[in-house]
Amino acid sequence: DGGITQSPKYLFRKEGQNVTLSCEQNLNHDAMYWYRQDPGQGLRLIYYSQIVNDFQKGDIAEGYSVSREKKESFPLTVTSAQKNPTAFYLCASSRGGLGNEQFFGPGTRLTVL
Amino acid sequence: GQQVMQIPQYQHVQEGEDFTTYCNSSTTLSNIQWYKQRPGGHPVFLIQLVKSGEVKKQKRLTFQFGEAKKNSSLHITATQTTDVGTYFCAGRNNFNKFYFGSGTKLNVKP
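Going down the list, the protein sequences come from chains A and B.
Numbered continuously in our numbering, the first sequence closes out at residue 133.
Numbered continuously in our numbering, the second sequence closes out at residue 117.
If we strip away everything but chain B, and leave its shape as in the complex, we get (with noise of 0.2 Å):
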């Protein structure tokens, strides 16, 4: 079954507004990545967090990390037309296994 869930699947919103993507393991991650696809591409390497509630930003991304560092999140603020794109966490547990989550399609209307 899905390791790793990622909510919401779809996400359209006007340019300007807020975004938030969640993914939810049911073991304990050793880290979590993020990576990005634009349409027609391929994932590209965004961040890795490794430590318990690490956040960490990058311009308008903020990234999360759990306590339990079962779940994470990724917050764009203000977004912009070049955010478009489906957004993909992927995680490590404990058992050496590594899976990514089924990601979150980012539609934004100028």
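So that you can see chain A by itself, here it is in the shape it has in the complex (with noise of 0.2 Å):
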């Protein structure tokens, strides 16, 4: 059964606190992406990832990092320099890359403190 998991639905962390969301995916897609929505916003980008051991900042990258040391995962760390990191963090990933369709996971709930 194909798809993309997140991990864990909800999550919540003391203010000042690095936390680390992750991200699965065995579509066999090339391409990851992370996006943060907030109340009455669209999705926002946060990074994306169109190969292996590279990634590129999106729109709103500051406080945030990822690696992608494999195909398959796409991490996404929240530091304790984002301002404002309570919010829903959406990964996706896409046969190609930006402008293709995207599969999305479920979700993280991040709730900090």
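No lab work stands behind these hints: they were computed from the structure.
Just so you know, not all the hints are guaranteed correct.
Said to hold, decoys possible - In silico DSS-like links for lysine-lysine, alpha-carbon gap of 25 Å or less:
#1 A:103 x A:29
#2 A:29 x B:43
#3 A:91 x A:29
#4 A:77 x A:90
#5 B:64 x B:112
#6 B:116 x B:43
#7 A:91 x B:104
#8 B:64 x B:43
#9 B:63 x B:43
#10 A:91 x A:77
#11 B:112 x A:29
#12 B:104 x A:77
Owing to the predicted nature of the structure, the values given are computational and were not obtained by experimental measurement.
Both chains are given apart, each in its own frame, so use the hints to dock them into the complex.
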């Protein structure tokens, strides 16, 4: 059963702590993406990766970091430098690069207390 | 600033009424995509339009891409309660930047 998994569904952290969100896909897609969704706003691109060991900053990369050591995995670290980290985080993948049909994971809702 | 604008932000309709959401870009788009996100869910791809003036239909849904490739619309005929959700457009511009619109949240009263 192919798809994208994100864990956990809900995550709580204290202010000042780094936290890593996981994203795994078994669709054999080359490209993977991280988006942030806030109420009343669309999806904003944080980082994307078109191939293994390469990634590009999106529009709101400050305070976030990523790695792409394996094709299947694209973890996102929300660092303490991110000023307003509480949000819904969505991971996606696509067969080609930007502008191709994207398949989304179920998302992780992060709350920083 | 916002590269892709979407209106309206909210729309409440009675079941059976039609619904339209509009998407406008400040720059020419090489393609436009539409996604639907059910409450509590994640976005799901609906369709992609590539050609100027293109019109595509999926049952009660009609998608259009403007002649200048700067705007698009999604029209739902005779809405049903299963249409509830937020509809997003997303487009890639000629600078290889990809933006989602802010979405239109549709509520359908039975």
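Going through the hints against the structure:
1. A:103 x A:29: 22 Å, holds
2. A:29 x B:43: 20 Å, holds
3. A:91 x A:29: Holds, at roughly 22 Å.
4. A:77 x A:90: Distance ~18 Å between residue 77 (chain A) and residue 90 (chain A) Cα, so the pair holds.
5. B:64 x B:112: It holds: about 21 Å lies between the C-alpha atoms, which stays within 25 Å.
6. B:116 x B:43: 18 Å, holds
7. A:91 x B:104: At roughly 22 Å apart (the allowed maximum being 25 Å), residue 104 (chain B) and residue 91 (chain A) satisfy the hint.
8. B:64 x B:43: The given pair, whose Cα atoms are some 15 Å apart, holds under the 25 Å limit.
9. B:63 x B:43: 16 Å, holds
10. A:91 x A:77: 18 Å, holds
11. B:112 x A:29: 23 Å, holds
12. B:104 x A:77: 11 Å, holds
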